[in-house]
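For the sequence shown, the positions run 1 to 350 when the UniProt record's numbering is used.
Hints in this document: simulated from the structure, not taken from any laboratory. Each hint should be verified, as a subset may be incorrect.
The calculated SDA-like cross-link candidates involving lysine to any residue, where the alpha carbons are at most 20 Å apart (straight line), are [to be verified]:
no.	residue 1	residue 2
1	156	220
2	123	215
3	76	151
4	156	93
5	333	321
6	286	274
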Amino acid sequence: MGVGMKGEPQYSHELDSLLDECTRGTFCPLSPLSPLCVLGFAALTLPAEGLINHLREQPIFTTRAHVFQIDPSTKKNWVPASKQAVTVSYFYDVTRNSYRIISVDGAKVIINSTITPNMTFTKTSQKFGQWADSRANTVFGLGFSSEQQLTKFAEKFQEVKEAARLARDKSQEKIETSSDHSQASSVNGTDDEKASHVGPADTHLKSENDKLKIALTQSAANVKKWEMELQTLRESNARLTAALQESAASVEQWKRQFSICRDENDRLRTKIDELEEQCSEIDREKERNTQLKRRIEELELELREKETELKDLRKQSEIIPQLMSECEYVSEKLEAAERDNQNLEDKVRS
């Protein structure tokens, strides 16, 4: 690796050829299904900026989010891949006609995921989404600051996924067409060689045949290696599926617990309303009791006054017989005086 005139890293032609062959799937130093295949190898070989520049990609959508990866040991818990929100971008490689999601935190590449038609982006909450990358043997999670950002990212994921499918179909058509032309050329060339009956040509064919045998042997070895990698990916997929099912079960359990807590909350609110109503009734009863106490005190005061009057009347009733006797005595004296007066008048007249 050297440095160009403008300070940009210059990479060897061998690395260019290696990445081209890995992308086309014609050759891979590790395995096309290995987590270090293509993007992992490039991410380990190139710095963050060099990776993006070298792949000649153009960003088609950019957002910011907190990046997480599934814990490789438990396959359940999320492990933060960034301490804060970082830029997450969709990139399109014009040369290789491929799409991928890339996120860089400083000099560290934390997401380098090639989008394939069989990928699915799942919204697990209002602000969180995830997708599984079988090539990287992990699950990426993104936490957004708003539901709107999550929705835009999911829509773009679906668009890019569809574009990747179309690109794959076109690539397969080109490969099939190229294969047909190669077979036709090979047949024609063989016929010409048979017609020429030239000795050096037979030697060349034998050499080519030996090379093909070696290539076939290597291909068979690679097939076995790919089968092992595929089995590993299937097992990993099974673990991720089990983890996802457990996560879904946990979500359902939390939903049930939330529903129970909500019902309990409603019941407690109803109980509080009843107690408040009872407290209001108690306050009203206290007010009535207070009024009754005041009325009782007033009645007791009136009763004491009446008792005083009754005592006075009783005292007065004890004087009445004496007054009656005195009145009779006075009446008798008055009658006697009237008789004496009448007698005196009679004497005066006579």
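Going through the hints against the structure:
no., hint, in the structure
1, 156 - 220, "39 Å, violated"
2, 123 - 215, "45 Å, violated"
3, 76 - 151, "24 Å, violated"
4, 156 - 93, "16 Å, holds"
5, 333 - 321, "18 Å, holds"
6, 286 - 274, "18 Å, holds"
When each numbered hint is compared with the structure, violations occur for hints 1, 2 and 3.
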